[in-house]
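Peer 1: Work out the full structure: start from the sequences and follow the hints.
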Amino acid sequence: MKRHFRELSVAAALAVMLLAMALWAPKFFDAQPLLTRLTSQVAPTLVVACGMTLVIIARQIDISVGSQFAICGVCGGLLLNHGAPVAVAVPVAILLGALLGAFNGVLVAGLGLPSIVVTLATMVTWREALRWQRSGVFVDIGPAQWFGLGQTAGQWTILVGALVLMVALARAMKHLAAGRFFYAVGTDAEAARLAGIHPKGVTFAAFVILGALTGLAAMLAAVQSPQVDPGAGGGLELRTIAAVVVGGVSISGGRGNLWGVLAGLLLLSSINPALTYMGVEAYWEKAIQGTIILLAVVADGWRARNQNH
Amino acid sequence: MSAAVPPLLRLSRIAKSFGAVRALKGVSLDLQAGEVHALLGENGAGKSTLIKVITGAHQPDGGLIELAGGRVERLSPSAAHRLGIACIYQQPALFPDLTVAENIGLRLERAPTLSRVNWVGRRARATELLRRIGAAVSPDAEVRSLSMPEQQLVEIACALGAGARIVIMDEPTASLTQKEQHLLFAVVRDLRASGVGVIYISHRLEEIFALADRVTVLRDGESVGTSAVGDINEAGLIRLMVGREVTSLYPPRAGAPGGVVLALRGVGCAASGVHGVSLEVRAGEVVGLAGLVGAGRTELARVLFGLTPAGAGEILLNGERVTIRSPREAVARGIAYVPEDRRRHGVILEMPVAHNLTMAVHDRLFPGAWLRFGAERQLAEGYIHDLAVKCAGPEAPAGSLSGGNQQKVALARWLATKPRLLILDEPTQGVDVGAKSEIHKLIRRLAQEGLAVLMISSDLPEVLGMGDRIGVMRGGTLVAMLPGGSDAHTVMAAALGQNEKGAAA
Numbered sequence: 005m006k007r008h009f010r011e012l013s014v015a016a017a018l019a020v021m022l023l024a025m026a027l028w029a030p031k032f033f034d035a036q037p038l039l040t041r042l043t044s045q046v047a048p049t050l051v052v053a054c055g056m057t058l059v060i061i062a063r064q065i066d067i068s069v070g071s072q073f074a075i076c077g078v079c080g081g082l083l084l085n086h087g088a089p090v091a092v093a094v095p096v097a098i099l100l101g102a103l104l105g106a107f108n109g110v111l112v113a114g115l116g117l118p119s120i121v122v123t124l125a126t127m128v129t130w131r132e133a134l135r136w137q138r139s140g141v142f143v144d145i146g147p148a149q150w151f152g153l154g155q156t157a158g159q160w161t162i163l164v165g166a167l168v169l170m171v172a173l174a175r176a177m178k179h180l181a182a183g184r185f186f187y188a189v190g191t192d193a194e195a196a197r198l199a200g201i202h203p204k205g206v207t208f209a210a211f212v213i214l215g216a217l218t219g220l221a222a223m224l225a226a227v228q229s230p231q232v233d234p235g236a237g238g239g240l241e242l243r244t245i246a247a248v249v250v251g252g253v254s255i256s257g258g259r260g261n262l263w264g265v266l267a268g269l270l271l272l273s274s275i276n277p278a279l280t281y282m283g284v285e286a287y288w289e290k291a292i293q294g295t296i297i298l299l300a301v302v303a304d305g306w307r308a309r310n311q312n313h
Numbered sequence: 003m004s005a006a007v008p009p010l011l012r013l014s015r016i017a018k019s020f021g022a023v024r025a026l027k028g029v030s031l032d033l034q035a036g037e038v039h040a041l042l043g044e045n046g047a048g049k050s051t052l053i054k055v056i057t058g059a060h061q062p063d064g065g066l067i068e069l070a071g072g073r074v075e076r077l078s079p080s081a082a083h084r085l086g087i088a089c090i091y092q093q094p095a096l097f098p099d100l101t102v103a104e105n106i107g108l109r110l111e112r113a114p115t116l117s118r119v120n121w122v123g124r125r126a127r128a129t130e131l132l133r134r135i136g137a138a139v140s141p142d143a144e145v146r147s148l149s150m151p152e153q154q155l156v157e158i159a160c161a162l163g164a165g166a167r168i169v170i171m172d173e174p175t176a177s178l179t180q181k182e183q184h185l186l187f188a189v190v191r192d193l194r195a196s197g198v199g200v201i202y203i204s205h206r207l208e209e210i211f212a213l214a215d216r217v218t219v220l221r222d223g224e225s226v227g228t229s230a231v232g233d234i235n236e237a238g239l240i241r242l243m244v245g246r247e248v249t250s251l252y253p254p255r256a257g258a259p260g261g262v263v264l265a266l267r268g269v270g271c272a273a274s275g276v277h278g279v280s281l282e283v284r285a286g287e288v289v290g291l292a293g294l295v296g297a298g299r300t301e302l303a304r305v306l307f308g309l310t311p312a313g314a315g316e317i318l319l320n321g322e323r324v325t326i327r328s329p330r331e332a333v334a335r336g337i338a339y340v341p342e343d344r345r346r347h348g349v350i351l352e353m354p355v356a357h358n359l360t361m362a363v364h365d366r367l368f369p370g371a372w373l374r375f376g377a378e379r380q381l382a383e384g385y386i387h388d389l390a391v392k393c394a395g396p397e398a399p400a401g402s403l404s405g406g407n408q409q410k411v412a413l414a415r416w417l418a419t420k421p422r423l424l425i426l427d428e429p430t431q432g433v434d435v436g437a438k439s440e441i442h443k444l445i446r447r448l449a450q451e452g453l454a455v456l457m458i459s460s461d462l463p464e465v466l467g468m469g470d471r472i473g474v475m476r477g478g479t480l481v482a483m484l485p486g487g488s489d490a491h492t493v494m495a496a497a498l499g500q501n502e503k504g505a506a507a
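Protein chains in written order, with our numbering: chain A, 5 to 313; chain B, 3 to 507.
Be careful, since some hints might not be right.
[As the list claims (entries may be wrong)] Capping the alpha-carbon separation at 20 Å, the derived lysine to aspartate or glutamate pairs in EDC-like fashion look like this: (1) Lys-27/B / Asp-461/B; (2) Lys-178/A / Glu-378/B; (3) Lys-204/A / Glu-331/B.
These are calculated hints, taken from the structure and not from any lab test.
Peer 2: Here it is as structure tokens:
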């Protein structure tokens, strides 16, 4: 109970919010719009946030995910456009994402460069390269939409798929020795090294996994409309990092889990529709999100201070 | 000395404790104007704490500080500065990207924040100060481009410019070449001639005899003797430094050791300054490794554990020649290393005891990489019971344990790897007396069970009491291998290089 206080408090905040919606704006739970919101906004972000959690637990950060997302979506879309089956396009997008992640990983883990600077550079570079290449032209994916399953079945596939992935990863982080390495490296890389763990390998792996998941998320998003937007993924890094931090993952590494991240993401992404259904101006969304993030960071700072005394 | 002129500085029965540790128990010292007063003592004798008391960084718990005959009540760093006390540390604390004149200006100028900088005046003052100490350093040079001794000269110039009458030098020659030392000595003699009192801390006996007027020896936080250098010889100093008996607190030694587990032949590593180390450690044997701070003991341990892989020589484990390029390889070959500074890297404080314990044995304990919490708990409970670790349970964060118990957790982590060679680096540093003797018993028991133990310690009685044989390191290499039961005097003499010097002269 006490150990998961932070995660539980986010879940409680989410529960309070959903309860308020049930009482005052039951239209919030209308099935079809809810499902659409969950698949279009929550599911791809959740997949990216899973990878971001690993990276942040290992005491790094990656702000280039939005650009990786756009590149993977466009490349996967082009393959579909040229008649490749989904079973080829999706793995290729994942592999491409892993490569982009590996590029960050080599610079951060191999050369010991600060991840915020490396990924800032790759964020701008990938984004501008794509803009130069595509000049903003959308990619037609035609019949590949919803993996060819039809909208409702496709939506359920995406939503359930993202959740299964998250749960599997959460279990892996708790139950695999490798999962614990991320926590060890994020808490004290030198201590981990003295214990025979390879911190550089762990850091590299975190970036590669994040890249691969970003590639997958890009395809989950791409198949939801007839066209792929080369400008997709703008602000994705902020949405995922916000969800991760609100979900109780320590920005200085070593602490947190994916259940908290799920709660954090659901909380943050419910605010906009909640405001809409309550008839409040949606302008307030960003301010409220910002306040929640601040609250989370203050809570973590307070916890860290109490631990040190 | 003279009763008429009060000494520049007089310390009487200074005491200082940190928690339960009594760093200073009663230090008395007086410093005359125009005197170089050497301060000598083993690692941990209290020299650094004493400096911090004199410079106002620590408030003493007891005792009296008098400056030029007047009692000083509360000495803060700024008050010490105002009263003319300056300290020159081993590593000069200068801004590398600013010029010498700018550095001196930053220390000495007390102009209002928004006033214009008087560049001409600043440079002139720097030039004058550098000239006074005879330093061939340009005031316009960037500090980054200066050598270590040149940077120390800049520090001394700052001290002079601040009107320092008391200058403390903490092992100023530790990183200097012979020639640079002579330059520094000349400056120290100039300071003395101009009436400054110098407190000179050094491990090098020959320096003390060449430079100092008097010498005070610290031992276990007490000043045990002050003497004019003309009235004492090296043997006398060493006797003062170690003058205590090894008590029978240590567990009895084991019988005859078994086969050779670790053999080093001329092992060296250029990056860490270790060179030409040859030694053997047998199963069932505790080899103590003594030496002063910076003698290369931890560096040798890091070479053996693959943290800074060896570049020269041969390492043999159980008679087989091996190369160890990473901690992983070291662990795979049955080497375990419990590092010093446990609070930083020995255990991960935020993680539960159980996670800390299994950190190095994931591969063995969890085949297929799937963690089995039952097995983990069982292993943790086993070691908690076996080593009598006092904790709330396997799930308690390591940070909630006392120092001695954290050390046991660090030890247990490595015992879980079933090593053949156990390297301990300062195993009882910062551990209270009771836990210390428990750890000693534990080390002895492990040796009796057939482990080869290499134990680095700066605690001389510990090395003497625990070591079946005692290696002494100095300047990055092993200078002596002494039998167990050697006396402190012999070990200290080797650590200080007295034998070597005698042979050379």
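Peer 1: Each hint: holds or not?
Peer 2: Each hint, compared with the structure:
no.	hint	result
1	Lys-27/B / Asp-461/B	holds, 18 Å
2	Lys-178/A / Glu-378/B	holds, 13 Å
3	Lys-204/A / Glu-331/B	holds, 16 Å
Figure legend: structure checked against the earlier numbered hints; every hint is met.
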